[in-house]
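Given the sequences, and given the hints that come with them, work out the whole structure.
Protein chains: 2
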Amino acid sequence: MADTTQMLKGILDGCLLSIIKEGEIYGYELAAKLESYGFHSFSEGTIYPLLLRMQKEGLVSTTLRKSTAGPKRKYYSLTEKGEQELEQFIIRWTQLSSSVNNVLNKGCFRNDCC
Amino acid sequence: MADTTQMLKGILDGCLLSIIKEGEIYGYELAAKLESYGFHSFSEGTIYPLLLRMQKEGLVSTTLRKSTAGPKRKYYSLTEKGEQELEQFIIRWTQLSSSVNNVLNKGCFRNDCC
DNA sequence: AGCAGTACCTTGCATTACAAGATATATCTT
DNA sequence: AAGATATATCTTGTAATGCAAGGTACTGCT
Chain A
1 MADTTQMLKG ILDGCLLSII KEGEIYGYEL AAKLESYGFH SFSEGTIYPL
51 LLRMQKEGLV STTLRKSTAG PKRKYYSLTE KGEQELEQFI IRWTQLSSSV
101 NNVLNKGCFR NDCC
Chain B
1 MADTTQMLKG ILDGCLLSII KEGEIYGYEL AAKLESYGFH SFSEGTIYPL
51 LLRMQKEGLV STTLRKSTAG PKRKYYSLTE KGEQELEQFI IRWTQLSSSV
101 NNVLNKGCFR NDCC
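These protein sequences, in sequence, are chains A and B. Be aware that the first sequence starts at 1, since it is given in the UniProt record's numbering, and climbs by one per residue. Be aware that the second sequence starts at 1, since it is given in the UniProt record's numbering, and climbs by one per residue.
Since the hints were made in silico from the structure, they are not lab data. The beta-carbon is built from N, C-alpha and C at its ideal position, and this holds for glycine as well. Check before you lean on any hint, since a few could be wrong.
To be verified - Counterexamples of contact, computed for chain A against chain B with all Cβ distances above 10 angstroms: (1) 4; (2) 15; (3) 41; (4) 44; (5) 51; (6) 63; (7) 71.
What the hints assert, rightly or not - Calculated lysine-lysine pairs in the DSS-like style (CA-CA distance at most 27 angstroms, straight line): (8) A:9 - B:21; (9) A:56 - B:9; (10) B:72 - B:33; (11) B:33 - A:9; (12) A:56 - A:66; (13) B:56 - B:74; (14) A:9 - A:81; (15) A:9 - B:74; (16) B:66 - B:33; (17) A:81 - A:33; (18) A:66 - A:21; (19) A:66 - A:9; (20) B:74 - B:21; (21) B:21 - B:72; (22) B:9 - A:21; (23) B:9 - A:81; (24) B:56 - B:81; (25) B:9 - A:33; (26) A:9 - B:56; (27) B:56 - B:9; (28) A:9 - A:74; (29) A:56 - A:72; (30) B:21 - B:66; (31) B:21 - B:9; (32) A:21 - A:9; (33) A:9 - B:81; (34) A:33 - A:56.
Claimed, not checked - So these bits of chain B aren't anywhere near chain A, every CB distance computed over 12 angstroms: (35) 43; (36) 45; (37) 64; (38) 69; (39) 72; (40) 74.
So this is what it looks like as structure tokens:
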């Protein structure tokens, strides 16, 4: 306990999908973008395996392009399957976060009371 | 992917602490309470190991009491350390959920814009 | 005795965030 | 040229944890 790492499990997937949906982006840039959204930066050892898995699952497609400084960049964009997955993630996230907020606020069994 | 189980990791801890803070409660009852808060029910194989760990870490204290029907119940209540842990969990949860919402809503870098 | 319901615990598996390190390329400095 | 620096990707091994499946134990009912 006492750190955020466990809380992230399974959540990062959806966040990556959501960022990629905004437009083609490559891994190194993704790390920076996540930080700008309020996540304390992720090591690349976290992001790249995730991207590879999502590629295997057909959620993202990739294109290699030359870089002005450094090796080739691997640009990711969302497939149709990826968009569907993102929608389902948003549903799950909404349910989860409202459940947690219910507990933390000692809320009621339904949202419409109190 | 495609299920909520990974998203829960590390979040359940805080939820248990929060429920226990409301008053003494035993494991079997906790499972039911979680469901009433909107979580689809947890198997006991999830909850008991977690409670044992939190007991070892000194976050909760336990009292055995006879039951009217069945074996003895193990009632949990929060220690001071547990309350501190809960507070820190709430901070972490708030940060995380706002970060995720930023990403999903394609929000800005700060909360005060848009 | 046998059965159902209550209540707790253990074992083994799959997933995943991450540190640490390996690899490759382009630019700048010495 | 040679080396350093920054960019960019990937691999390996570790620890944490949700959960299915199974086991134990106690009470009351038929």
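Checked hints:
With a least beta-carbon separation of about 5 angstroms from chain B, residue 4 of chain A fails to lie farther than 10 angstroms from that chain, contradicting its non-interface assignment. The claim that residue 15 of chain A lies off the interface is violated: its Cβ sits roughly 5 angstroms from the closest Cβ of chain B, which falls inside the 10 angstroms cut-off. Taking the minimum C-beta to C-beta distance to chain B, about 12 angstroms, the non-interface status of residue 41 of chain A holds against the 10 angstroms cut. Listed as outside the interface, residue 44 of chain A is consistent with that label: its C-beta sits roughly 19 angstroms from the nearest C-beta of chain B, beyond the 10 angstroms cut-off.
At the 10 angstroms boundary, the C-beta of residue 51 of chain A stays outside the reach of chain B, the nearest C-beta of that chain being 13 angstroms off. With 10 angstroms as the threshold on Cβ separation, the claim that residue 63 of chain A sits away from chain B holds: the shortest Cβ distance comes to roughly 23 angstroms. Its beta-carbon lying about 27 angstroms from the closest one in chain B, residue 71 of chain A satisfies the requirement of being farther than 10 angstroms from that chain. Taking the CA atoms of residue 9 of chain A and residue 21 of chain B, the gap is near 26 angstroms; set against the 27 angstroms cutoff, the hint holds.
Restraint check: the Cα-Cα separation between residue 56 of chain A and residue 9 of chain B comes to about 24 angstroms, which is no more than 27 angstroms; the hinted pair holds. With a CA separation close to 19 angstroms, the supplied pair residue 72 of chain B and residue 33 of chain B stays within the 27 angstroms bound. A distance of roughly 24 angstroms separates the Cα atoms of residue 33 of chain B and residue 9 of chain A; the hinted pair therefore holds under the 27 angstroms criterion. Note on residue 56 of chain A and residue 66 of chain A: the hinted pairing holds, with a Cα-Cα distance of about 23 angstroms set against a maximum of 27 angstroms.
For the suggested pair residue 56 of chain B and residue 74 of chain B, the alpha carbons sit about 15 angstroms apart, so the restraint of at most 27 angstroms is met. For the hint linking residue 9 of chain A to residue 81 of chain A, the alpha-carbon distance of about 21 angstroms falls within 27 angstroms, and the restraint holds. Pair hint residue 9 of chain A plus residue 74 of chain B does not hold up; C-alpha atoms about 30 angstroms apart against a cutoff of 27 angstroms. Distance check on the hinted pair: residue 66 of chain B and residue 33 of chain B sit about 21 angstroms apart at the alpha-carbon level, within 27 angstroms; holds.
Only pairs whose Cα atoms come within 27 angstroms are accepted, and residue 81 of chain A paired with residue 33 of chain A is accepted, the gap being roughly 23 angstroms. Note on residue 66 of chain A and residue 21 of chain A: the hinted pairing holds, with a Cα-Cα distance of about 22 angstroms set against a maximum of 27 angstroms. Using a Cα cut-off of 27 angstroms, the hinted pair residue 66 of chain A and residue 9 of chain A is violated, with the two alpha carbons roughly 33 angstroms apart. Restraint check for residue 74 of chain B and residue 21 of chain B: satisfied, since their Cα atoms lie roughly 15 angstroms apart, inside the 27 angstroms limit.
Of the pairs offered as hints, the one joining residue 21 of chain B and residue 72 of chain B holds, with about 21 angstroms between alpha carbons and a cut-off of 27 angstroms not exceeded. Restraint check: the Cα-Cα separation between residue 9 of chain B and residue 21 of chain A comes to about 26 angstroms, which is no more than 27 angstroms; the hinted pair holds. With a C-alpha separation of about 25 angstroms, the suggested pair residue 9 of chain B and residue 81 of chain A falls inside the 27 angstroms cut-off, and the hint holds. Distance restraint check for residue 56 of chain B and residue 81 of chain B: the Cα-Cα separation of roughly 12 angstroms lies within the 27 angstroms cut-off, and the hinted pair is therefore satisfied.
The hinted pair formed by residue 9 of chain B and residue 33 of chain A meets the criterion: a straight-line CA distance of about 24 angstroms does not exceed 27 angstroms. A threshold of 27 angstroms between alpha carbons decides the hint, and for residue 9 of chain A with residue 56 of chain B the separation of about 24 angstroms falls inside it, so the pair holds. Of the supplied pair hints, the one linking residue 56 of chain B and residue 9 of chain B holds, its CA atoms being roughly 19 angstroms apart against a limit of 27 angstroms. For a cut-off of 27 angstroms, the pair hint linking residue 9 of chain A to residue 74 of chain A stands: about 24 angstroms separates their Cα positions.
Taken as a hint, the residue 56 of chain A and residue 72 of chain A pair is honoured in the structure, with Cα atoms around 20 angstroms apart against an allowance of 27 angstroms. Restraint check: the Cα-Cα separation between residue 21 of chain B and residue 66 of chain B comes to about 22 angstroms, which is no more than 27 angstroms; the hinted pair holds. Using a Cα cut-off of 27 angstroms, the hinted pair residue 21 of chain B and residue 9 of chain B holds, with the two alpha carbons roughly 21 angstroms apart. Of the pairs offered as hints, the one joining residue 21 of chain A and residue 9 of chain A holds, with about 21 angstroms between alpha carbons and a cut-off of 27 angstroms not exceeded.
Under the criterion of a C-alpha separation no larger than 27 angstroms, the hint pairing residue 9 of chain A with residue 81 of chain B is consistent with the structure, at around 25 angstroms. For the proposed pair residue 33 of chain A and residue 56 of chain A, the alpha carbon gap of about 23 angstroms is at most 27 angstroms, so the pair holds. Separation of residue 43 of chain B from chain A is adequate, the least Cβ-Cβ distance of about 17 angstroms exceeding the 12 angstroms criterion. A cut-off of 12 angstroms between C-beta atoms confirms that residue 45 of chain B is not in contact with chain A; the least separation is 18 angstroms.
Distance check for residue 64 of chain B against chain A: the nearest CB is about 25 angstroms away, which clears 12 angstroms, and the non-interface claim stands. Chain A leaves residue 69 of chain B outside its interface by the beta-carbon criterion, the shortest separation being 25 angstroms against a cut-off of 12 angstroms. Once the 12 angstroms rule is applied to beta carbons, residue 72 of chain B is consistent with being away from chain A; the minimum gap is 27 angstroms. Consistency note on residue 74 of chain B: stated as away from chain A, and its beta-carbon is indeed over 12 angstroms from all of that chain's, at 21 angstroms minimum.
Checked against the numbered hints given earlier, this structure breaks hints 1, 2, 15, 19; the rest are met.
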